[in-house]
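Participant: One-letter residues, chain by chain:
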Amino acid sequence: KQEVTQIPAALSVPEGENLVLNCSFTDSAIYNLQWFRQDPGKGLTSLLLIQSSQREQTSGRLNASLDKSSGRSTLYIAASQPGDSATYLCATGANSKLTFGKGITLSVRP
Amino acid sequence: GAVVSQHPSWVICKSGTSVKIECRSLDFQATTMFWYRQFPKQSLMLMATSNEGSKATYEQGVEKDKFLINHASLTLSTLTVTSAHPEDSSFYICSATSPRGMAYEQYFGPGTRLTVT
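First to last, the sequence lines map onto chains A and B.
Counted from 1, the first sequence has number 105 at position 102 by my numbering; the numbering is strictly sequential.
Counted from 1, the second sequence has number 331 at position 80 by my numbering; the numbering is strictly sequential.
For reference, chain A alone in the conformation it holds in the complex (with noise of 0.2 angstroms):
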C-alpha cells in the first residue's frame, strides 16, 4: 500500500527566501506525482503535474522534481511571498487512484 510522507507538517519562513518543501513515497510504481494548493476551507488548486517518466516541472516560481528510485518529490519555491502562506500537499497517482500526503502548512511572513 502506497503511503506519502511530508516532513515537517509546518514550516514558517521569512518573505523573498527560497524554500524546498519535501514528499516521500513508499512505492515507487507511480504514474505520476501532482502537486496541489489548498488555502483554509477551501479544494484544491493543482500546481504542477510530473508524468513518470519526467525529472522535473517548472511553472513560474514554482519547480518539481520527481526521483522515482528513491521514492521523493521536492517542490521549489523561490522568492517566496505572502500570498504563497498555504498548505501544499503531494500526491502520486497509480491504478487510476490519487495517494496523498498529509500537506505542509507554510506560512510567509512580510
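It should be emphasised that the hints constitute simulated quantities derived from the structure, not laboratory data.
Don't take every hint at face value.
Stated by the list, open to error - Derived DSS-like pairs: lysine-lysine, alpha-carbon spacing no greater than 30 angstroms straight-line:
{"no.": "1", "chain 1": "A", "residue 1": "Lys100", "chain 2": "A", "residue 2": "Lys4"}
{"no.": "2", "chain 1": "A", "residue 1": "Lys4", "chain 2": "B", "residue 2": "Lys265"}
{"no.": "3", "chain 1": "A", "residue 1": "Lys100", "chain 2": "B", "residue 2": "Lys292"}
{"no.": "4", "chain 1": "A", "residue 1": "Lys100", "chain 2": "B", "residue 2": "Lys317"}
{"no.": "5", "chain 1": "A", "residue 1": "Lys71", "chain 2": "B", "residue 2": "Lys317"}
{"no.": "6", "chain 1": "B", "residue 1": "Lys306", "chain 2": "A", "residue 2": "Lys45"}
{"no.": "7", "chain 1": "A", "residue 1": "Lys4", "chain 2": "A", "residue 2": "Lys45"}
{"no.": "8", "chain 1": "B", "residue 1": "Lys292", "chain 2": "A", "residue 2": "Lys105"}
{"no.": "9", "chain 1": "B", "residue 1": "Lys315", "chain 2": "A", "residue 2": "Lys45"}
{"no.": "10", "chain 1": "A", "residue 1": "Lys71", "chain 2": "B", "residue 2": "Lys265"}
{"no.": "11", "chain 1": "A", "residue 1": "Lys4", "chain 2": "B", "residue 2": "Lys317"}
{"no.": "12", "chain 1": "A", "residue 1": "Lys45", "chain 2": "A", "residue 2": "Lys100"}
{"no.": "13", "chain 1": "B", "residue 1": "Lys317", "chain 2": "A", "residue 2": "Lys45"}
{"no.": "14", "chain 1": "B", "residue 1": "Lys292", "chain 2": "A", "residue 2": "Lys4"}
{"no.": "15", "chain 1": "B", "residue 1": "Lys271", "chain 2": "A", "residue 2": "Lys45"}
{"no.": "16", "chain 1": "B", "residue 1": "Lys315", "chain 2": "B", "residue 2": "Lys265"}
{"no.": "17", "chain 1": "A", "residue 1": "Lys100", "chain 2": "B", "residue 2": "Lys315"}
{"no.": "18", "chain 1": "B", "residue 1": "Lys265", "chain 2": "A", "residue 2": "Lys45"}
{"no.": "19", "chain 1": "B", "residue 1": "Lys292", "chain 2": "B", "residue 2": "Lys271"}
{"no.": "20", "chain 1": "B", "residue 1": "Lys265", "chain 2": "B", "residue 2": "Lys306"}
{"no.": "21", "chain 1": "A", "residue 1": "Lys105", "chain 2": "B", "residue 2": "Lys271"}
{"no.": "22", "chain 1": "B", "residue 1": "Lys292", "chain 2": "A", "residue 2": "Lys45"}
{"no.": "23", "chain 1": "B", "residue 1": "Lys315", "chain 2": "B", "residue 2": "Lys271"}
{"no.": "24", "chain 1": "A", "residue 1": "Lys4", "chain 2": "A", "residue 2": "Lys105"}
{"no.": "25", "chain 1": "A", "residue 1": "Lys105", "chain 2": "B", "residue 2": "Lys315"}
{"no.": "26", "chain 1": "B", "residue 1": "Lys315", "chain 2": "A", "residue 2": "Lys4"}
Since the structure is predicted, the reported quantities are computational estimates derived from the model, not experimental observations.
With chain A's structure known, arrange chain B on it following the hints.
Facilitator: Same frame as chain A, but now just chain B:
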C-alpha cells in the same frame, strides 16, 4: 477549462437526517468521478470511485449503504450521507477526470463542509 463545482459549499444538518452533495463537471464530460473526505489537518482519503452508469467502487472501510453515490450522467455525481452522525462531520471533496487532461489527472471541486449536530 476542466472546472468542477460542488453544491452546497457548506451544510449543517441534525443527527439522523440525510444530506445530498452534488458534484458537477461544468465544461467537460467526466466518465469518472472521485469522492474524498478530509478531516482537519489530515490528508484526503479516497472514499469511492464512480463511473457514469455503473455502481461506485468503494474503498475498504467505507460503508456503501451509508455513503450512497450516484453517477447518473456524464456531468453529475451525487454523494448522499444517510442517517448522518456527528462523526460524519468532515470536508467532502469530489474530483473528475477529463478526456482532455493527462492520464490520471484529476480536477477538484471546491469542497463541501458538512457539520452534523
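Participant: Hint compliance check: list the failing hint numbers for this structure, sorted ascending.
Facilitator: 2, 5, 10
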